[in-house]
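**Q** My request is simple: use the sequences and hints to build the entire structure.
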Amino acid sequence: MIDTQTLTDEEFDQYLLKANADWKNRLFKEARRIHYDYESDIIQLKFGNPGFIILHCLDNDPDGFEWVIEDESLHIVGVEIFYFRQDYAPCYPKLQAAYDALCRESGIGDWFIDLPSQSQTGKATAATEFADALVECARNPVGNQENTGTNSI
Amino acid sequence: MGSYHLVFSTLDREGNEVRLTESQWRGHVLREHSEMEPYIEEIQLVIRDPEFVKRGDRGELRLARLGVIASRPNRYLRVIIAYSDEITGRRLGSVLTAHLSKVPPRGEDVI
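Sequence lines, in order, name chains A and B. So that you can map any letter, position 71 of the first sequence is 70 in numbering that gives the first Met the number 0, and since no number is skipped, the others follow by simple counting. So that you can map any letter, position 16 of the second sequence is 15 in numbering that gives the first Met the number 0, and since no number is skipped, the others follow by simple counting.
Do not rely on the hints blindly, as some may be mistaken.
Derived EDC-like pairs (lysine to aspartate or glutamate); straight-line CA-CA distance at most 20 Å [said to hold, decoys possible]: (1) Lys53/B / Asp60/A; (2) Lys45/A / Asp131/A; (3) Lys45/A / Glu34/B; (4) Lys53/B / Asp62/A; (5) Lys23/A / Asp113/A; (6) Lys53/B / Asp58/A; (7) Lys53/B / Asp40/A.
Which stretches of chain B does chain A cover? Using the computed rule of at least three CB atoms under 8 Å from a CB of chain A, they are [unchecked claim]: (8) 26-33; (9) 48-60; (10) 67-73; (11) 89-98; (12) 101-107.
Since the hints were derived computationally from the structure, they do not count as laboratory data. We put the CB at the ideal spot given by N, CA and C, even for glycine.
**A** Structure, rendered in structure tokens:
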């Protein structure tokens, strides 16, 4: 395995693209965990059980949006968004609707939800739809709708 | 910010007190970034002596320093702080989160 600590910025971005050619398919097969810190308005959606993680943003990503990346493999293992409720969600009607639906099921406040859930409750359904909407928005950021994903990831 | 048990209280480069509460550390930072657990001292170092200071859209400060963690020499340790309004010439800062990154924080330059 390559030592990602020694990569230049250019090499890092190239390796990141290569390591994540299949990320959308891979992520939908993984277990997901939603953590929302209501007071700080920071949401994190994380997939699988990654090792040491770092955050990384690309040039076209909106302010406050970060990819969660496993530092050794450079696999995308999630997203983390600052000012989610105040700034990010209102830009995406489908995501806002999914957030509102999850609020109705889970209550307004902090969330710590593991997916897939064995239960068939309204909360589990709303959480799954919310996680899917979040991934969809990460793939198609506002102002970059023509692309299949941020910076071709 | 929730529980007032403190993980630490330190001063930023302007002499403002910056706190990390137990609830924010355990309830947010470690839940999302468990890899940060051994690096409380390093987080304080970034607060006291940052290499980058940027201001976010909502007034929060985004601090960073490269190579603070010896095993990750090419990663920035980033710390985000929200400040209260100024009282008696000083502001109180609260650590919102801390994590590593390949790139320094974005935002408006703070002189």
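**Q** Compare the structure with each hint and give your call.
**A** Evaluated hints:
{"no.": "1", "hint": "Lys53/B / Asp60/A", "in the structure": "holds, 17 Å"}
{"no.": "2", "hint": "Lys45/A / Asp131/A", "in the structure": "holds, 12 Å"}
{"no.": "3", "hint": "Lys45/A / Glu34/B", "in the structure": "holds, 14 Å"}
{"no.": "4", "hint": "Lys53/B / Asp62/A", "in the structure": "holds, 12 Å"}
{"no.": "5", "hint": "Lys23/A / Asp113/A", "in the structure": "holds, 19 Å"}
{"no.": "6", "hint": "Lys53/B / Asp58/A", "in the structure": "holds, 17 Å"}
{"no.": "7", "hint": "Lys53/B / Asp40/A", "in the structure": "holds, 19 Å"}
{"no.": "8", "hint": "26-33", "in the structure": "holds (count 5)"}
{"no.": "9", "hint": "48-60", "in the structure": "holds (count 3)"}
{"no.": "10", "hint": "67-73", "in the structure": "holds (count 3)"}
{"no.": "11", "hint": "89-98", "in the structure": "holds (count 3)"}
{"no.": "12", "hint": "101-107", "in the structure": "holds (count 4)"}
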